[in-house]
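**Student:** So the protein sequences, as listed, match chains D and U. Mapped onto this note's numbering, the consecutive letters of the first sequence carry residue numbers 1 to 112. Mapped onto this note's numbering, the consecutive letters of the second sequence carry residue numbers 1001 to 1113.
Just so you know, these hints were derived from the structure itself, not from any lab. Small disclaimer: the values here were computed from a predicted structure and weren't measured. One or more hints might be untrue.
[Claimed, not checked] Mimicking EDC-like on lysine to aspartate or glutamate, the simulated pairs with C-alpha atoms at most 20 Å apart in a straight line are:
id, chain 1, residue 1, chain 2, residue 2
1, U, Lys1057, U, Asp1073
2, D, Lys36, U, Asp1062
3, D, Lys99, U, Glu1079
4, D, Lys99, U, Glu1059
5, D, Lys56, D, Asp78
6, D, Lys36, U, Asp1056
7, D, Lys36, U, Asp1100
8, U, Lys1057, D, Asp3
9, D, Lys99, U, Glu1095
10, D, Lys99, D, Asp3
11, D, Lys104, D, Asp83
12, D, Lys99, U, Glu1014
13, U, Lys1057, D, Asp83
14, D, Lys36, U, Asp1054
15, D, Lys99, D, Glu14
16, D, Lys36, D, Glu5
17, D, Lys67, D, Asp3
18, D, Lys104, U, Glu1059
19, U, Lys1070, U, Glu1027
20, D, Lys56, U, Asp1038
21, D, Lys104, U, Asp1038
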Amino acid sequence: GEDVEQSLFLSVREGDSSVINCTYTDSSSTYLYWYKQEPGAGLQLLTYIFSNMDMKQDQRLTVLLNKKDKHLSLRIADTQTGDSAIYFCAEKEGGSNYKLTFGKGTLLTVNP
Amino acid sequence: DAGITQSPRHKVTETGTPVTLRCHQTENHRYMYWYRQDPGHGLRLIHYSYGVKDTDKGEVSDGYSVSRSKTEDFLLTLESATSSQTSVYFCAISEQGGTDTQYFGPGTRLTVL
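Given only the sequences and the hints, what does the whole structure look like? Please build it.
**Tutor:** Laid out in structure tokens, this is it:
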């Protein structure tokens, strides 16, 4: 089946940039997503990118997509303690109307 | 936030008892999903629904059943709970077309003793 891989942990200092990386295997993916999960809460959509785009910027968030290498990244500028959370990468499988495959999540810890 | 509620939010039960979790949406979205979240496994799809009375299995469906008699409600039933079903359960909804984004409920923490 399709697979989405992420590193499990990332630790940064407050004010630095954070970069969370993700690789996927489905070359026919149409949309890729980043979700954020705070402790005790559900997943909140942060942003998404369509597969024919290379980059998407939304305030402090920058998503880069390298479709050739099947690599997706999320950059958070000026990381704050409130950004501490688990971040999930997900892909929508090509040819599917509904199915998303999620990575295992990256725990971002922001140190003051 | 998408209008999704889950009930109960927390439940402790004993092995062998039946348990039903409820997901309720106010968005009139066609698709509904049940996931479980476990350390080291991320999110895994249990069952999903693509319309009233239309459901199908996900990757970890053994021991679970679902029902959807109304657009707004999707029930997940553990017929005879086991300790391996201790987990956090999330409901999600999506609408066909557009970005196919899934929106998640707040989760139910289930402990099976």
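**Student:** Run every hint past the structure and note whether it holds.
**Tutor:** Here is how each hint holds up against the structure:
no. : hint                  : in the structure
1   : U:Lys1057 x U:Asp1073 : holds, 17 Å
2   : D:Lys36 x U:Asp1062   : violated, 28 Å
3   : D:Lys99 x U:Glu1079   : violated, 25 Å
4   : D:Lys99 x U:Glu1059   : holds, 11 Å
5   : D:Lys56 x D:Asp78     : holds, 17 Å
6   : D:Lys36 x U:Asp1056   : violated, 27 Å
7   : D:Lys36 x U:Asp1100   : holds, 17 Å
8   : U:Lys1057 x D:Asp3    : holds, 19 Å
9   : D:Lys99 x U:Glu1095   : holds, 12 Å
10  : D:Lys99 x D:Asp3      : holds, 13 Å
11  : D:Lys104 x D:Asp83    : holds, 18 Å
12  : D:Lys99 x U:Glu1014   : violated, 32 Å
13  : U:Lys1057 x D:Asp83   : violated, 34 Å
14  : D:Lys36 x U:Asp1054   : violated, 30 Å
15  : D:Lys99 x D:Glu14     : violated, 36 Å
16  : D:Lys36 x D:Glu5      : holds, 16 Å
17  : D:Lys67 x D:Asp3      : holds, 15 Å
18  : D:Lys104 x U:Glu1059  : holds, 15 Å
19  : U:Lys1070 x U:Glu1027 : holds, 13 Å
20  : D:Lys56 x U:Asp1038   : violated, 31 Å
21  : D:Lys104 x U:Asp1038  : holds, 9 Å
Consistency note: the structure conflicts with the earlier hints numbered 2, 3, 6, 12, 13, 14, 15, 20.
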